[in-house]
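Here the protein sequences line up with chains A and B, keeping their order. Counted from 1, the first sequence has number 80 at position 80 by the numbering used here; the numbering is strictly sequential. The number in the numbering used here is simply the position in the second sequence, starting from 1, with 1000 added.
Treat the hints with care, since some could be wrong.
[To be verified] Far from chain A by the CB rule (all over 12 Å, computed), these chain B residues: (1) 1015; (2) 1109; (3) 1172; (4) 1173; (5) 1196; (6) 1249.
[Claimed, not checked] Listed next, with one range per pair, are the computed distances between beta-carbon atoms: (7) B/1176 - A/179: 19 to 29 Å; (8) B/1233 - A/163: 24 to 34 Å; (9) B/1073 - A/234: 43 to 53 Å; (10) A/149 - B/1140: 28 to 38 Å; (11) B/1052 - A/75: 34 to 44 Å; (12) B/1140 - A/60: 30 to 40 Å.
Because the hints were derived from the structure by calculation, they are not lab data. Heads up, the beta-carbon is just placed ideally off N, CA and C, and yes, glycines get one too.
2 protein chains.
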Amino acid sequence: MPAGRLDREAEVARRAAEAAGAVLRRHFRTSLAAETKGDLSPVTEADRAAEAAMRRILAEAFPEDGILGEEYGAEGEGRARLWVIDPLDGTRAFITGRPLFAVLIALLEEGSPVLGLIAQPVLGELWLGVRGQGLSFTSPLGGRAGTRRCPTLARAELAATTPAMFDPEERARFERLAARVGRVSWGGDAYAYGLLALGLIDIIAEADLKPWDWTALVPVVEEAGGIVRDWEGHPLTFGAKGRIIALGDPARLEEVIDLLA
Amino acid sequence: MPAGRLDREAEVARRAAEAAGAVLRRHFRTSLAAETKGDLSPVTEADRAAEAAMRRILAEAFPEDGILGEEYGAEGEGRARLWVIDPLDGTRAFITGRPLFAVLIALLEEGSPVLGLIAQPVLGELWLGVRGQGLSFTSPLGGRAGTRRCPTLARAELAATTPAMFDPEERARFERLAARVGRVSWGGDAYAYGLLALGLIDIIAEADLKPWDWTALVPVVEEAGGIVRDWEGHPLTFGAKGRIIALGDPARLEEVIDLLA
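All chains, full assembly: derive it from the sequences and hints.
Written as structure tokens, this is what we have:
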């Protein structure tokens, strides 16, 4: 990749992800005590320590920027640039010992995600998308950056994390889409968006995502040739319902939106 | 582990799993053409090549034994000893690039599984349970053999591969159990039974499993301290409905069966 405008940001984001990953690796497959928050999502000591480590690195490198994270909330949210971080996406995967959880980092400029990072710290995989500069992917497991064409929904791979993320009406809409595709696989979290960016999954349709769940995914998917929208076909915005469609092949967008309507 | 009665069988099973794994690694995250069988399960060239490799090794080492596999059916099924193999459990995981598929090998004596092997060939993880000799587990990702106690269902981790494996009646029964546990995670396949044997998942309840899906799991789970039964609480048998309960803590069996009744 040639030298680009956000090279320093990318380098700092990698360092922050590595710091969070080191914390998570120490706790992976150990008997950590999972607490339960009001919203019933499991939270761990690892989660909070990892976010604190990321915040320190980002705040030191870019003191002018705001930071929004799942565990410690927002600092300087009104600023021109905002880092949105999730130290542990896929807490269920982490707690049950599946190496498919992720560290997520996004940089927003005037509300629009220009840099997105997905790291899997146990396997040593890293997706880094920078707007206008493409997606870089490194992994000891193989795979190449780039979504695939999907000429027909009938052979499409659809993924979603869990049926529990949908309310009954959303579930019915999702099932209409599921009935038309080739296969559905469950248990994805952010990692599934990384697989879509490698041309291994065609469609992801999810609901109830928070900004720290989805912001990093947009540059990863779109710099790999895909598209990320809400269920009405609009770009995602903060404060929206958190319903997301990611497509490897943007040509299928209208069809998928019609089925989810 | 001290020298045991089935040491040679275990050694040959490891070699067979390694041969299958080498085939699968070559195809992982490449654009292999997924066919579609009558039952709509995806089948790949890799799948068949991996089973053929395993059959050659097992048949050469134990010409007196029968072999039953998903792709090439049964040979010598009536013999006292039967190898039951699945070269690629979790085909959806494999096709979508998730390193959570598995090679499964079981040895049955007079219909009862005495040896079970789960291998994850991309990550280099191996579970090997031999009746009366315990479970051995090796992995570069960490984790230790041994299920955990589960004093109350309210904090239990429940897993299942996909809601699509249940018919409507089974789904209602599963939901009764799901409503009582701490959390549900999806997308497991055989790998989830491996995680249960490491004390990371408490309960797995599934349906529609074939003999090559479940036979290898029994010695893995039971030699780690857990228990495997059908939904009525009986040991699984060939020709049954393929409804399975695996519990890390056998003390919860009655309660789980009541909820699934």
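Evaluated hints:
1. 1015: holds, 23 Å
2. 1109: With a cut-off of 12 Å, residue 1109 of chain B remains clear of chain A, as the shortest Cβ separation is near 31 Å.
3. 1172: Consistent with the label, residue 1172 of chain B stays out of reach of chain A, its closest Cβ about 14 Å off (over 12 Å).
4. 1173: Fine: 16 Å to the nearest Cβ keeps residue 1173 of chain B off the interface.
5. 1196: violated, 9 Å
6. 1249: For residue 1249 of chain B, whose nearest Cβ neighbour in chain A is about 14 Å away, the distance exceeds 12 Å, so it holds.
7. B/1176 - A/179: 19 to 29 Å: Given a distance of about 26 Å, which is inside 19 to 29 Å, the answer is holds.
8. B/1233 - A/163: 24 to 34 Å: Distance hint for residue 1233 of chain B, residue 163 of chain A holds at roughly 27 Å.
9. B/1073 - A/234: 43 to 53 Å: holds, 52 Å
10. A/149 - B/1140: 28 to 38 Å: holds, 35 Å
11. B/1052 - A/75: 34 to 44 Å: Cβ of residue 1052 of chain B to Cβ of residue 75 of chain A: about 59 Å, so the range 34 to 44 Å is violated.
12. B/1140 - A/60: 30 to 40 Å: holds, 33 Å
Of the numbered hints stated above, those contradicted by the structure are hints 5, 11, listed in ascending order.
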